[in-house]
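Enquirer: Whenever a hint applies, use it, and build me the whole structure from the sequences.
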Amino acid sequence: MRIHFALLLLLAACCAEEPTSVGKIPEPPTKPAAAESAPSAPSASATSNGKLPTPSTTGATQANFAGFQAPIPASWTLRPEPRQFRAATFVVPANGEGNQGELAIFAGIRGSDEANIDRWEGQFQEPSGGPGQAIVDPMPEANFPTVLVELRGKYQGMGMAKPRDGMAFLAAIVRAPGREILHIRLTGPEATVDAAREDWLAFVAGLSIVEEGQKP
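Going by our numbering, the first residue of the sequence shown is number 8, and it counts up by one from there.
Incorrect hints may have been included.
The following label-pair restraints were derived from C-beta to C-beta distances [unchecked claim]:
hint, residue 1, residue 2, range
1, Q91, R182, 13 to 23 Å
2, E218, P134, 39 to 49 Å
3, G103, E218, 33 to 43 Å
These are computed hints drawn from the structure, not numbers from a lab. C-beta: ideal position from N, C-alpha, C; glycine also.
Expert: The structure is reproduced here in structure tokens:
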């Protein structure tokens, strides 16, 4: 069950609107025709032998991964942790005395947006005991068609022995021309995720392609 972020105020005011369903996920925004350019070919460094390039940071302000770059706070540290489909992992500092968060970037995850959001919802539990309810919205200001997803509650991700209360999850599904679909996911305690929210949004909005041979 989805709740469109733009309707939250109306929901609170009159409780008359139906939450956005999986089948009604808003279409990602597209750029005006005049601003569009022909899709570029996939970067050789990002696709060669099915292996993603090693992520890096430049001057602690720019992250480079899977043929992309994005602005990143100096306090977010790169974790060298090669995994299948994971283009990069960053540790997000804790807010106050809470635990750290994790920014995980995946490239080439298969399945529809609906199927992936369903899976993420299944990792969360509402106080009532039901599955998580995602807030889903487009991000018009992004450089590429992007959908944002938000979940909160009790979370049990893959490999976790038991669920954790008070967790938050922000995900961006990004479709750049000639590139694998990106999932940019920030997970952690609510206080940590809320403190990092604006930096995460700036990271997603500032995402750009690094062409082959271009210095990041």
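Enquirer: Each of the hints needs a verdict: does it hold here or not?
Expert: Right, here's what the structure says about each hint:
no.: 1; hint: Q91 <-> R182: 13 to 23 Å; verdict: holds (21 Å)
no.: 2; hint: E218 <-> P134: 39 to 49 Å; verdict: holds (47 Å)
no.: 3; hint: G103 <-> E218: 33 to 43 Å; verdict: holds (41 Å)
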